[in-house]
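The listed protein sequences correspond, in order, to chains A and B. Using the working numbering, read the first sequence as starting at 1 and increasing by one per residue. Using the working numbering, read the second sequence as starting at 1001 and increasing by one per residue.
Mixed in with the good hints, there may be bad ones.
Claimed, not checked - Which residues of chain B face chain A? A partial, calculated answer using Cβ under 8 Å:
| no. | residue |
| --- | --- |
| 1 | Pro1108 |
| 2 | Ile1114 |
| 3 | Gly1115 |
| 4 | Ala1191 |
| 5 | Gln1223 |
| 6 | Ile1226 |
| 7 | Phe1240 |
Hint data in this document are derived by calculation from the structure and do not stem from the laboratory. Glycine is no exception: its CB is placed at the ideal position from the N, C-alpha and C atoms.
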Amino acid sequence: MTSYIVRRLLQTIPVLLGATLVVFLLIQLIPGDAAGVILGGEATPSAVAALRQEMGLNDPIPEQYVRWMAKVLRGDLGISSQTRTPVLTVLAGKFPNTLLLALAAMLLAAVLGVTAGVVSATRRYSWFDRLSMFAALFGNSMPVFWLGLILIIVFSLGLGWFPSGGIQSVRGGDGFLDLIKHLVLPTITLASAATALIARMVRSTMLEVIRQDYITTARSKGQVERLVIWRHALRNALLPVVTVVGLQFGHLLGGAVLTETVFVWPGVGLAIYGAISARDIPLIQGGILLTATTFVVINLLVDIGYAYLDPRIRYS
Amino acid sequence: MASGLVLLFIALVVLLASFVSPRDPFLADATRRLAPPLTPGYILGSDEIGRDIMSRLVHGGRTSLMVATVPVIIATAIGGFLGMIGGYFRGRTDTLIMRTMDVVLAFPSVLLAIGVAAALGSGTGNLMIALVVVAVPSVARVVRASVLQASQLDYVLAARAVGASHARIAFTQILPNVLAPVIVFASLETARTMILASGLSFLGLGVQPPQPDWGAMLATGRQYMIIAPHVATVPGLLIFLVTLSINTLGDGLRDAWDPRLGEA
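Work out the full structure: start from the sequences and follow the hints.
In structure tokens, the structure reads:
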């Protein structure tokens, strides 16, 4: 087990390095001259040239990359051009909000998706099966931001059950219940695509597992059907689902940008959206780097968890 | 089957946009702002500066469909090529290619697309570049897996034993086996790209105004949600319907060609 963990860790490092390289290269792609932007249009060419030299923009690219990486590893992700505060501080404040939303959506998607998938598999071709697979197709095809808008229009503006955005009510209402009320619609929106995918996957793997010999054995031993399904079949079917769930978390982090924009949820996604509008390059970079790193770390944890659950993986 | 027809219908309408569209999509009429659907002359209503939504949908469809399909075609070509090389020659080339793909896949697609589009600047062309970058690794993986499988087939081994050149084997033996899964994957990827593209336009990174585009229409319509919800919901509905049709088509293709790839 330990050797597997070490191996996976070592494999992760080049991927993370590659990710930083990609983010760095993205900065280089941006047209325009950083020094020129800082000094403004009135600056003399010699002043711009001097600032370029001082900022190290004339050095070869690999050198610039190394210097940038050193700063990143020290936690210096640059200064946000909108608020003039360090990017890391800005993101650190928003990250818990995004994490909360992503975790809530993950939980909803996992519970709903697994249940729907299991019931669909055990009652194959029944009305429930057809309905849920139809719903899954819908969920996969629905643009996240559109679903969010529809939910707002129906449940918030129309019925008034839930607030239409934000994380807290403006007029007092500081409690846990208030937070939950604000969490409901964004969570449903974000979870939709993941739920659809998980439901389909669980149904598919369950159908395969149910055919296995050990299920027939359990049944012929007189095991209660409910236990056969939930304890034997599901446990084995869940293994590939765990990987998918982990991957979905990464997509949730990405999709959070759209959901947070629609619901004005103060997380990393909304920050990135604001940064795009304001051309705040350091913040965009920092946000992408932070999210990508989280994604890679989550994948690593999922892989290790998977190896823990299925010992066959450790030896491959 | 039905979804194929729906798609065909939409594609036709969009292609013949100039003839079908009731009005000029850029023509703004400030006296008729935010008209609800079924107002005479504006079947689906008008938007915030008085442009006919139906016309904008039809014209925007051109952009939206193009932005969804062209990047996938390009990505399939590039990714297919990379996957073929990796899967066929294996060894260090394969490892190098796949590791690079892994790095790109380390980013959630939405974020990577945002990053590339933000770096290159907004606009339809840059949006398509970003979408290609996002799609290539997945295609490469699928192609590589198929190629690896196909390489083991008896007649491929036989061809190699007879001394056929790599290129010949690749084209005549491997490619036909790879085609089916790739087409299925490409159709599903088109659906994802459609959503991704409209998402980026929604964020302001893709198609720029006044160019009509379904995602962008959703973004501007959002401000008028309370008084005129149709401005935002109708374009979104169309995105949803087209994506649904593409997904159904892809599923249908998969079931027809290889039921094992789909659900049991």
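Verification of the hints:
1. Among the interface hints, the one on Pro1108 of chain B holds; its C-beta lies about 3 Å from the nearest C-beta in chain A, closer than the 8 Å criterion.
2. Given hint, Ile1114 of chain B at the interface with chain A, holds; its Cβ is 7 Å from that chain's nearest Cβ, closer than 8 Å.
3. Because the smallest distance between the Cβ of Gly1115 of chain B and any Cβ of chain A comes to about 5 Å, under 8 Å, the interface hint for this residue holds.
4. Hint on Ala1191 of chain B holds. Least Cβ distance to chain A is approximately 6 Å, under the 8 Å limit.
5. Among the interface hints, the one on Gln1223 of chain B is violated; its C-beta lies about 11 Å from the nearest C-beta in chain A, farther than the 8 Å criterion.
6. Evaluation of the Ile1226 of chain B hint against chain A yields a held restraint, the C-beta minimum of about 6 Å falling below 8 Å.
7. Interface restraint check for Phe1240 of chain B: the shortest CB-CB distance to chain A comes to about 5 Å, inside 8 Å, so the restraint holds.
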